[in-house]
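So the sequence lines, in the order shown, correspond to chains A and B. Just so it is clear: in the first sequence, position 93 is 93 by my numbering, and no numbers are missing. Just so it is clear: in the second sequence, position 95 is 1095 by my numbering, and no numbers are missing.
Be aware that a few hints might be false.
Cβ-Cβ distance ranges computed for the label pairs, FRET-style [claimed, not checked]: (1) E1120/B / G28/A: 32 to 38 Å; (2) G1128/B / D34/A: 53 to 59 Å; (3) D1090/B / G46/A: 34 to 40 Å; (4) D42/A / G1096/B: 54 to 60 Å; (5) D45/A / D1093/B: 31 to 37 Å.
Listed next, the in silico BS3-like pairs over lysine-lysine satisfying Cα-Cα at most 25 Å (straight line) [unchecked claim]: (6) K128/A / K1095/B; (7) K1048/B / K121/A; (8) K128/A / K1048/B; (9) K96/A / K128/A; (10) K1137/B / K128/A; (11) K1124/B / K96/A; (12) K1137/B / K96/A; (13) K1124/B / K121/A; (14) K1124/B / K1095/B; (15) K121/A / K1137/B; (16) K1137/B / K1124/B; (17) K121/A / K96/A; (18) K96/A / K1095/B.
Hints in this document: simulated from the structure, not taken from any laboratory. Glycine included, every Cβ here is placed at the ideal spot set by N, Cα and C.
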Amino acid sequence: MATDRTAKVTWQGSLMDGSGTIEGVGSGALGPLDVTWVSRADTPDGRTSPEELIAAAWASCYSMALSHALAGAGTPPERLETQVTVSFQPGEGIVKGAISVVGTVPGVDHDAFVSEAETAKENCPVSKALTGIPEVTLDATLATA
Amino acid sequence: MPRIVRDADAAWEGNLARGTGTLSAATSGAFSELGFSVAARVGAPGGKSSPEELLAAAHAGCFTMSLANELTSADTPPGRLDVRCRITMDEVDGKGHLIVHSALDVTGRVTGADATAFDEAVEKANAGCPFSILLRKAGAGVDVTTRFEGGD
């Protein structure tokens, strides 16, 4: 079954001098959040940006995919901490994604964890939507229990 | 212009079906500790955001800025743009779950433009928006509908 999710943004004025608002999302979990070009391309000053939202989408999707992969191997995680960094080069586009995950996973050794982490990087739906990004890296670490 | 870097943090506890996560905008701090779960992602959201919803917010934001830029380049900066984005995830035979579609509904009030000029700017914005480009590269459809409301 298909899953639909929505968001609404308004904008007033030119790109450089204008400003926008992520008015809200279908779930009501976010917004209103202000966005501007300056906060996207320079100092965020408390404002989110498309790249930060992509990072958030990716980090949450990746966490679920890795949890699923580990559980499928009979070793569900106690805790996963994922950071995603998205890099944007104006004029060029989104040029890099870096996934960093630290897992607390009973019954798994380093190699098995890294293998599942690689699988999740390939299989998570957000990763698959972002295959056009030229460089995607993964740093997977098993926390010592 | 130097490369722009943005971070987000997610923490997850437990297996997929019954586990839960929290999500924060690490660079800006604009949101923090948002709950997420599989049930909220694929079923009723129950007040929780999801990867697809965050992609919808990202695409709406990215597209809006691209369109503001195109209209400004045409010497008709927008009075107001309203952009709604709907992201669809579906299970595709042999490929698992994929983001299959993004639908953008764009309403504009732009002094000095007409409906034709507005549609041209929208087309250019869709061609140039970095996120639209990535979705098309991944095989997802990006469709835009427009409504021009005149100027002032």
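Going through the hints against the structure:
| no. | hint | in the structure |
| --- | --- | --- |
| 1 | E1120/B / G28/A: 32 to 38 Å | holds, 35 Å |
| 2 | G1128/B / D34/A: 53 to 59 Å | violated, 23 Å |
| 3 | D1090/B / G46/A: 34 to 40 Å | holds, 35 Å |
| 4 | D42/A / G1096/B: 54 to 60 Å | violated, 38 Å |
| 5 | D45/A / D1093/B: 31 to 37 Å | violated, 46 Å |
| 6 | K128/A / K1095/B | holds, 10 Å |
| 7 | K1048/B / K121/A | holds, 23 Å |
| 8 | K128/A / K1048/B | holds, 23 Å |
| 9 | K96/A / K128/A | holds, 14 Å |
| 10 | K1137/B / K128/A | holds, 10 Å |
| 11 | K1124/B / K96/A | holds, 24 Å |
| 12 | K1137/B / K96/A | holds, 15 Å |
| 13 | K1124/B / K121/A | violated, 32 Å |
| 14 | K1124/B / K1095/B | violated, 31 Å |
| 15 | K121/A / K1137/B | holds, 18 Å |
| 16 | K1137/B / K1124/B | holds, 17 Å |
| 17 | K121/A / K96/A | holds, 14 Å |
| 18 | K96/A / K1095/B | holds, 24 Å |
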